[in-house]
Amino acid sequence: MKGYIDILAPSAPETSSVSQRGEKEGERAFQSSRQNERRSPQPLIIRYSTLSGHHHPHHPAFVPTMSSGVGVNDQCLTAFQDLKLKKKFKYIIFNLNKDLTEIVVEKTSDNQSYDDFLGDLPETECRWVIYDFEFEKEGGGKRNKIIFLSWSPDDAKIKQKMVFASSRDALKRSLTGVAVEIQGTDFSEVAYESVLDKANRGH
Amino acid sequence: MVNYGGDEVSALVIDIGASSVRAGYAGDDCPKAIIPTSYGYHPAPPDADVTMSDGAENIDAVNKSKFANIYIGQSGPSIWREGMEVGNPMVEGLIQDFNPIKPLIDHALEKTMRVNSSEHPILVTEPTWNTPANRERMAEIMFEEFNVPAFYIANTGVLNAFAAGKGSALVIDVGQSMASVTPVVDGFVLRKGLSYSPLPKLIHAHARHILISPTPHRRGIELLPHQLIANKTLVDAGAPPKFTIRQDRIAGTTESWRNWAETREIDEWVQSVAGVLDQGWNDAVAAQRTARQYEFPTGYNNYFGLERFQVGEQFFTHSPQLVASNPNLPKTIPQLITEALRACDPELRQVLMGNVVLTGGGTLFSGFADRLTAELTRSFPHTKIHAPGNPVERRYGGWLGGSILASLGTFHQLWISKEEWQEHGKPIVGQRCK
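Those protein sequences? They're chains F and E, same order as listed. Counting in UniProt numbering, the first sequence tops out at residue 203, every number present. Counting in UniProt numbering, the second sequence tops out at residue 434, every number present.
Check each hint, because a few of them may be wrong.
Derived PhoX-like pairs (lysine-lysine); straight-line CA-CA distance at most 20 Å [claimed, not checked]: (1) 159/F / 32/E; (2) 107/F / 88/F; (3) 384/E / 157/F; (4) 98/F / 86/F; (5) 418/E / 434/E; (6) 434/E / 198/F; (7) 157/F / 90/F; (8) 90/F / 159/F; (9) 86/F / 157/F.
In short, the hints are calculated from the structure, not lab data.
Start from the sequences, fold in the hints, and give me the full structure.
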């Protein structure tokens with residue numbers, strides 16, 4: 001347990017609240033696998049090929065790694081709070097600025113049509129989206145869940161894909177209250193039904 | 001461009017694999033220098049004076065203990081030299097012998113790219129199973145011997161996932177000596193899910209066995225390299241080859257060079273002829289596929305049908321006979337994937353299988369991506385495989401990811417500077433490069 005927490009602290013020196021958040025995320029992401037381990041009488045051991053002798057007990061279970069170092073503009077957090085607390089928007093689209101130094105808000109919208117929203121996703125460029133997703137929980141009435149979508153279409157330029165993928169964590173860490181994360185590379189992965197499916201699967 | 005010390009200088013990116021060392025400027029879309037990792041050398045005779053012979057690299061005092069001369073690059077091992085041995089610093093994807101590393105990097109940076117390493121920050125890549133001692137040694141070489149102003153070492157699994165636009169992905173990397181499956185989750189390597197095996201070595205051994213063993217239809221094939229052949233005559237397909245051996249070279253040919261040269265012949269055959277069936281092994285389907293003609297340096301040529309698919313099949317299944325006679329076979333690609341997924345919870349498995357990233361020259365093997373898709377969709381209907389069609393992206397995905405990352409102005413926060421190295425020493429590597 002402790003090993004996980006230690007290494008989950010962000011590599012850049014930051015406030016303690018951030019590292020606590022990082023810790024929670026780590027716990028959530030790996031909770032079920034740890035539960036599995038607890039349930040089984042013996043810990044899960046990955047056996048390396050008998051031909052390769054490089055098993056390193058000193059390595060922690062997983063290791064956080066590099067990020068682009070791109071910053072998050074304050075307006076991102078403001079817009080997010082407006083969506084989350086004041087219900088001012090249905091969705092927010094984030095982009096990188098031209099210099100690739102900062103994540104900025106590209107668009108906010110209160111358009112309720114999911115299809116119109118999909119029209120806002122560029123076919124060959126990356127974006128991030130926060131979407132206030134409303135749905136009928138099977139047998140449980142109306143629910144709202146905040147979706148975090150990383151949109152990285154296959155046809156986007158490799159440089160953009162790389163910068164977006166390595167900056168995503170910075171944005172995600174500054175937005176608390178995201179319930180569902182989606183990695184989208186084509187429109188089928190962000191279709192209403194697949195998002196609904198993912199939203200329904202959660203708690 | 002990296003803003004370093006007030007001046008804008010381009011960082012350099014070095015990616016060392018078993019087959020080649022890739023080096024180039026951060027921000028470029030392909031490496032400027034791609035040189036073979038295997039090198040030729042004349043071992044240093046004990047207590048003898050070192051004389052420089054034609055084509056040899058300058059070697060520093062540290063290396064003189066091991067090499068009298070070292071031959072690197074396009075005119076390295078591929079040029080026959082009397083008594084020349086061939087070495088390779090990599091064992092199972094990791095640098096095991098650091099002696100040739102400085103000459104190799106020197107050759108890439110100074111000879112090929114003509115850059116002065118002391119003026120550029122350098123990002124080096126490493127596989128997930130690299131050891132802390134190894135990465136610290138690399139940092140030491142960079143700071144102490146190359147005098148770099150800043151250094152970073154980046155994980156190839158994450159670089160490949162990022163280069164495919166994914167924070168979470170299952171990265172399948174098949175190189176010349178190792179095959180690995182690395183789950184990457186939110187930009188983290190899920191270390192307990194890492195699985196790897198020297199499967200490409202088995203593919204190679206299998207191809208060698210197929211070629212040198214006689215069959216009812218043909219003789220065993222001699223894998224003599226062109227450097228040992230004086231002349232050859234055109235012969236019909238399947239006919240015994242007519243060639244003259246360079247007898248003058250036989251006595252001066254070392255076993256390690258001969259091995260290296262034969263390995264190259266086999267690799268060439270594998271790359272031009274071998275393939276894998278896309279829907280699993282089927283004798284009838286394999287027999288129906290067009291046979292391919294291939295000519296060896298001896299002039300021997302033939303059509304290869306069924307057997308060219310037997311080679312690729314080894315990536316996915318081991319025959320029962322092989323399993324019976326070899327208890328320690330390297331894990332197949334499906335076995336590696338199963339093992340990696342076993343360490344992940346079911347929901348994560350779905351995410352990973354929807355984001356499979358293929359990288360490494362080995363995944364360019366003819367039919368590999370199609371067969372993998374067929375294998376995976378059986379268990380995971382929503383499998384989506386990201387396999388860049390651009391061979392540069394596929395072969396050098398790790399380098400390319402490093403190139404983009406190191407070219408970002410914002411990346412400067414992660415570089416380990418020379419001052420930090422001098423102040424903190426080795427521990428800074430593990431702290432900064434997580």
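Going back to the hint list, which numbers does this structure go against?
Of the numbered hints, 4, 6, 7, 8 and 9 do not hold.
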